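Dock chain B against chain A, hints included.
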Amino acid sequence: MSTTEKQGLLNPEGRAFKLGSVGADWIDQRTSMSSVVKNFARKVFPDHWSFMFGEVALYSFVVLLISGTFLTMFFVPSMDEVTYEGIYEPLYGLEMSRAYASTLDLSFEVKGGLLFRQMHHWAALLFMVAIFVHMFRVFFTGAFRKPRELNWLVGFSLMILGMVAGFSGYSLPDDVLSGNGLRIADGLMKSIPLVGTYMSMLLFGGEFPGTDIIPRLFTIHILLVPAAIMGLIAIHLVMLVVHKHAHYPGPGATDRNVVGYPLFPVYTAKAGGFFFIVFGLIALVSATVSINSVWAYGPYDPSPVSAGSQPDWYMLFTDGGLRLIPGWEFTIFGYVISLNMLIPMVFYGLFLAALALWPFLEQWVTGDDREHHVLDLPYNAPVRTAFGVAWITEYILLVLGATNDLVAIAFHISINDLTWLYRIGFFVAPVVAFIVTKRICLAIQRHKRDLVLHGVETAKVVRMENGEMLEIHEPLNEYERWTLVQHDTFRPLKEGNGVSGLRAKASSFFFKDQIDPVTPRELRAALEHGGHERHKIEALTGPYRELEP
Amino acid sequence: MKALAQHRHHPLAFLAILLMALLATGGLFVALSPKDASAQSASQADIDAGRDLFVANCATCHGMKGEGRIDGEGNTSGPSLIGVGAASVDFQVGTGRMPMQESGPQAHRKPAQFNDEQTKQLSAYVASLGPGPEIPSADAVDPAKGDPAKGGEIFRINCAMCHNASGSGGALTRGKFAPPLLDVEPTHVYEAMETGPQNMPVFNDNNLTPEDKRDVIAYLNKLDENGSPGGYSLGSLGPVTEGLFAWTVFLALILGCAYWLGAKAK
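Just so you know, the sequences run in chain order A and B. Residue numbers for the first sequence follow the numbering used here, beginning at 1 and rising by one. Residue numbers for the second sequence follow the numbering used here, beginning at 1001 and rising by one.
Quick caveat, the hints were computed from the structure, so don't treat them as lab data. No experiment lies behind these values; they were computed from the predicted model shown. Possibly wrong hints are sitting among the right ones.
Stated by the list, open to error - Some chain A residues judged to face chain B by a derived CB distance under 10 angstroms, without partners named:
1. 125
2. 399
3. 404
4. 409
5. 451
Stated by the list, open to error - To list a few chain A residues with every Cβ distance to chain B over 10 angstroms, as calculated:
6. 18
7. 41
8. 133
9. 168
10. 241
11. 270
12. 322
13. 347
14. 403
15. 405
16. 519
Just so you know, even glycine gets a beta-carbon here, dropped at the ideal spot from N, CA and C.
Next up, chain A with everything else stripped away, as it sits in the complex (with noise of 0.2 angstroms):
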């Protein structure tokens, strides 16, 4: 751009100025957008890198819209039988469905089809890492509180519309692989008694695997499912705006305020260039990385299944549990009830429930009805964080029971063993990891009460005269301190005045071992008990500087 150009946007006399302000008027009488626009650009944001998953998977969903498109453009959702004609020789003359070959061609035929592909399927495998890392920062600073409890119940069918896209995506392109997926999906509606047979019959339009599940696969991949996430997000985006960002304590930071930065200038920039940096990101992944080498698998064949046979990542949790469990099933009336099915699955539902009704069951545990926008600081919440930390650790079980075969060939030990290791981790890991999080989270709370009562330790000890050894501590300044000393305490609700029993104990399980944040009387004291302290050590060394603020 030249210099007599710049001069003209910038210079209101200028003919480009002019021209945009005429513009800008005429879009605005037709729309009001300038009053929507001035409240936009005014909203304020926090700043922290912590915040931006969200962002991560919202800008992969994006990337995903893309490449979808590109992909559709040449793949065929057919399950039509046809004979192999085309460049990869290992399949040359093989007999194939329609979906296998048009996958084929675009990997190998159609000009950066192997590269949309890879674009669209490591999108799909960072939207989901994006989903789960945003999740845990929600669940750890407790963000779903009030008055964001929808919001997170709408993140939690996110999650899951995320795992249904991938499913009935990778199912799509017909291999052996993504036939394996399917016959489990289908054995598992099998498992279902009275009406499994009929819900795989109604799926499949007969027996498995038919020649329909393909095209309705592709249906609810492309349509139903997008729709659906893209609703969802405009909903959870509307609601974030509603409720205002949620923000870390800090000094001035309140329930009643935002501390960040306005959309506009700072956000639009950061959060348009935060979305080239992720789609460059999958651009160079995708374009050196292999991701589902379809042509590998062959073309589907109810019979081979081949080792190392296991779904994308965020699937793997339910092959786990299916690994995990012993071959348990009876028989009834004739019927074969499938335990080692049912009880997985009956699991997987409770399990997610509970990371879906948190929000719920943490309101009926602290009958805390406030407003809450400042943030907590997960140590400060021991039995929330124990939970979210037992919860992925029986997450990490389950995926480490799906991938037993992997990790017994990679460090030479016995799938046996290492099968019942995980069965019995099952169990005792998650309890495991609970207490010790919650012990850690309660000595880091010591830790921090310490920090405010006495300030930091300096190492620099002085003698008296009797020979009493004392430590200079320097205070913490007020910023400091406020951060560590701002958050809710709770007390456990007591028995009675429509608080039941169930919920009194609950209430103590959470609080009854709560340490409290120092009070301003406790601090008061410890000040004074430090000032004697400064001042006997004074008298014997004259002033020293450090401890001036």
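Same frame as chain A, but now just chain B:
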């Protein structure tokens, strides 16, 4: 014709027919059996040299005459090698699995401990203990002569459940495993199918014909040749390593950028 028919009930007729049947079967077998049980017969000098190597390196477990050994507790130190044939020795020794480095569920592949000539001598000695599968000819394992597409189909149905669809290996029960296949010599692949080493089943010629075996070799060779069209393969282990990559490298890249963006405004 009539004269012959008259002798139908002669007591020796049955014997004559049996003899003819045996001759026909034997002749057909010789005519049709795979030619890779080949003519490269070993010299007595090879066998003698092989015996010396065997006594020095293998006899501790397999016995002085390859008859196998059982230790005091009734466990097999080493199985009998009578009748395992030259192919088995060439595979086990040629891939470094024998002599075994340590006892365990399965012998691991390692750099070969004997050179080609010594391996040939050992094979010749063990082959002399009793008839068994021979080392296949170069022609029988030439990937260029196989059909990779057909081999791929055979591979997915017979091999992939243990060795993985990409030939990257897989776990078996109790610490046993199916090893990765992509950097294995075609001759060794053939010998493995024919002799069923370690925990592998034997795929004899009735099960997979020599042509089928060559097709499988052609397929594996093609996989090797094609490499990973999509970029770095992450070990060709499928969705688990992909997920691990997403949670580690990919997430770290994103996290780094998020941290950088979050930090800049301060």
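>> For each hint given before, does the structure comply? Return the numbers of the non-compliant ones in rising order.
In response: As far as the earlier hints go, 5, 8, 11, 14, 15 are violated by this structure, in ascending order.
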